[in-house]
Amino acid sequence: MALLAFSFLISATDPVAVLSIMKEMNVEDRLYNIILGESIFNDAVCIVLYSTVQRLSNFSELVVLEALGLFFGILIGSVFLGILIGILVSLLLKNTK
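Everything in the sequence shown is counted per the numbering used here, starting at 9 for the first residue and increasing by one.
If you are wondering where the hints come from, they were derived from the structure by calculation, not from laboratory data. Just to be clear, a hint being listed does not mean it is correct.
Stated by the list, open to error - Cβ-Cβ distance ranges computed for the label pairs, FRET-style:
#1 Lys105 x Leu76: 42 to 50 angstroms
#2 Leu70 x Leu101: 28 to 36 angstroms
#3 Leu100 x Met30: 19 to 27 angstroms
#4 Gly77 x Asn103: 33 to 41 angstroms
#5 Val72 x Asn34: 39 to 47 angstroms
#6 Leu70 x Ile91: 30 to 38 angstroms
#7 Lys105 x Val72: 52 to 60 angstroms
#8 Glu36 x Ile91: 21 to 29 angstroms
#9 Asp37 x Lys105: 44 to 52 angstroms
#10 Val71 x Val35: 34 to 42 angstroms
Positions of the beta carbon are idealized from the N, C-alpha and C atoms, including for glycine.
Modelling step: build the complete structure from the supplied sequences, incorporating the hints.
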């Protein structure tokens, strides 16, 4: 179980390294944003899998349903937060000289 937990934690760092390299290379914004979206999705999956493995000793259907709820909660929350911050920054930039 410890190896699974470690592998879920370490897999979330891969897109961070890719994004860092892409920023230095000045790649196209669209490609950067696609990879960034995948990174957010990957982070949500890693959080849920890590939490699930930690609770796996008491395996039941409730743990699986709780993991699905956690996954979709983090995913939807991340998208909502990104949209909200995007709107706020857009309004701020629109109203400043």
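Here is how each hint holds up against the structure:
1. Checking the proposed 42 to 50 angstroms range against Lys105 and Leu76 shows it holds: the Cβ atoms sit about 48 angstroms from each other.
2. About 46 angstroms separates the C-beta atoms of Leu70 and Leu101, a value inconsistent with the hinted range of 28 to 36 angstroms.
3. Between Leu100 and Met30 the Cβ separation comes to about 26 angstroms, which falls inside the hinted range of 19 to 27 angstroms.
4. Between Gly77 and Asn103 the C-beta distance comes to about 38 angstroms, which sits within the given range of 33 to 41 angstroms.
5. For the pair Val72 and Asn34, the supplied restraint of 39 to 47 angstroms holds, since their beta-carbon distance comes to about 44 angstroms.
6. A hinted range of 30 to 38 angstroms holds for the C-beta pair Leu70 and Ile91, which are about 31 angstroms apart.
7. Separated by about 54 angstroms at the C-beta atoms, Lys105 and Val72 satisfy the suggested range of 52 to 60 angstroms.
8. Checked against the hint of 21 to 29 angstroms, the pair Glu36 and Ile91 passes, with Cβ atoms roughly 22 angstroms apart.
9. Taken as a hint, the range 44 to 52 angstroms is violated for the pair Asp37 and Lys105, whose Cβ atoms sit roughly 24 angstroms apart.
10. At about 40 angstroms, the beta-carbon gap between Val71 and Val35 stays in the expected band of 34 to 42 angstroms.
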